[in-house]
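Using the sequences and the hints, build the whole thing.
Residue numbers for the sequence shown, in our numbering: 1 to 197.
Everything labelled a hint here was simulated from the structure, so no lab data went into it. Check before you lean on any hint, since a few could be wrong.
Only pairs whose alpha carbons sit at most 25 Å apart, straight line, appear in this in silico BS3-like list of lysine-lysine [stated by the list, open to error]:
#1 K111 <-> K98
#2 K47 <-> K98
#3 K157 <-> K98
#4 K59 <-> K115
#5 K47 <-> K75
#6 K135 <-> K17
#7 K75 <-> K115
#8 K111 <-> K66
#9 K75 <-> K157
#10 K47 <-> K66
Computed spacing ranges between beta-carbons, pair by pair [claimed, not checked]:
#11 R165 <-> E32: 22 to 32 Å
#12 K59 <-> D102: 16 to 26 Å
#13 G166 <-> K115: 43 to 53 Å
#14 Y55 <-> E32: 34 to 44 Å
#15 E74 <-> Q175: 29 to 39 Å
#16 F90 <-> A170: 15 to 25 Å
#17 L58 <-> G35: 33 to 43 Å
#18 L52 <-> Q175: 37 to 47 Å
#19 I54 <-> A170: 31 to 41 Å
#20 R15 <-> S49: 15 to 25 Å
#21 Q192 <-> D67: 27 to 37 Å
Backbone N, C-alpha and C fix where the C-beta goes; we use that ideal spot for every residue, glycine too.
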Amino acid sequence: MSNFTPVLALQGSPRLKGNTDLLLSETLSVVEARGIETEKVDLRRLKISPCLEIYQCLKNGECPIKDDMADLYEKLTAARVIILASPIFFYGPSAQMKSVIDRCQALWARKYVLKQGPPDDLPRRGYVISVAATKGRKLFDGLLLTFNSFFDVLHMKIDGQILIRGADQAGEALQNQDAVIQARSMGNDIAQFLESG
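Here it is as structure tokens:
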């Protein structure tokens, strides 16, 4: 497990260098400036099948589908910090992010069917970054419900979130000074958590 980076960021936007991606990069740059290794995974570059409900995972906690998800399982269970970054699509995460989450049914089976605990006793944290074009009051409700369920199977919870409304054009989020401050503050929070042991 020690070969994996302490901070794993899943970048779920299909638009590279879009608003979600840019705010995530702001966060990671602060963490990296403190000498902490990070890994950003652009999910659109991976080949990940949706869950096919084969149910083998209920028997052994392993997904039988052979694709790029195989490497992610190990990274997800090893990371001390996981950042989920996704724009809003129909009041939920992107399809790229949702495929990864659905494939974590294998991790759900490990926890709730096979009764396996976390790989070690180290504290872990989850963080969320999401940018939406519109401004609805319940815009992030569906995404946060989904992300909370995801973090639960990893014995984690959401310890910080950045939710930005009304940013659609590429680069628009970086013109929002409050959004940039939030992203950098999240980076400092992550760094302080890891530096504290």
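Each hint tested on the structure:
Under the criterion of a C-alpha separation no larger than 25 Å, the hint pairing K111 with K98 is consistent with the structure, at around 20 Å. Of the pairs offered as hints, the one joining K47 and K98 holds, with about 13 Å between alpha carbons and a cut-off of 25 Å not exceeded. For a cut-off of 25 Å, the pair hint linking K157 to K98 stands: about 18 Å separates their Cα positions. Simply put, K59 and K115 have alpha-carbon atoms about 12 Å apart, close enough for the 25 Å limit, and the pair holds.
For the hint linking K47 to K75, the alpha-carbon distance of about 16 Å falls within 25 Å, and the restraint holds. Straight-line distance between C-alpha atoms of K135 and K17 comes to about 21 Å, which keeps the hinted pair within the 25 Å bound. At roughly 20 Å between alpha-carbon atoms, K75 and K115 fall within 25 Å of each other, so this suggested pair holds. The suggested pairing of K111 with K66 holds, with an alpha-carbon distance near 22 Å, which does not exceed 25 Å.
Straight-line distance between C-alpha atoms of K75 and K157 comes to about 17 Å, which keeps the hinted pair within the 25 Å bound. The straight-line distance between the Cα atoms of K47 and K66 is roughly 10 Å, inside the 25 Å bound, and the hint therefore holds. The beta-carbon spacing between R165 and E32, approximately 28 Å, falls within the hinted interval of 22 to 32 Å. At roughly 18 Å, the beta-carbon separation of K59 and D102 lies within the given 16 to 26 Å, and the hint holds.
Roughly 44 Å separates the CB atoms of G166 and K115, a value that falls within the hinted 43 to 53 Å. A C-beta distance of roughly 40 Å is found between Y55 and E32, which places it inside the suggested range of 34 to 44 Å. For the pair E74 and Q175, the beta carbons lie near 38 Å from each other, so the given range of 29 to 39 Å is met. Range check, F90 to A170: about 20 Å between beta-carbon atoms, so the 15 to 25 Å window is met.
At about 42 Å, the beta-carbon gap between L58 and G35 stays in the expected band of 33 to 43 Å. For L52 and Q175, the hinted distance range of 37 to 47 Å is satisfied, since their beta carbons lie about 42 Å from each other. Between I54 and A170 the Cβ separation comes to about 38 Å, which falls inside the hinted range of 31 to 41 Å. Range check, R15 to S49: about 22 Å between beta-carbon atoms, so the 15 to 25 Å window is met.
For the pair Q192 and D67, the supplied restraint of 27 to 37 Å holds, since their beta-carbon distance comes to about 36 Å.
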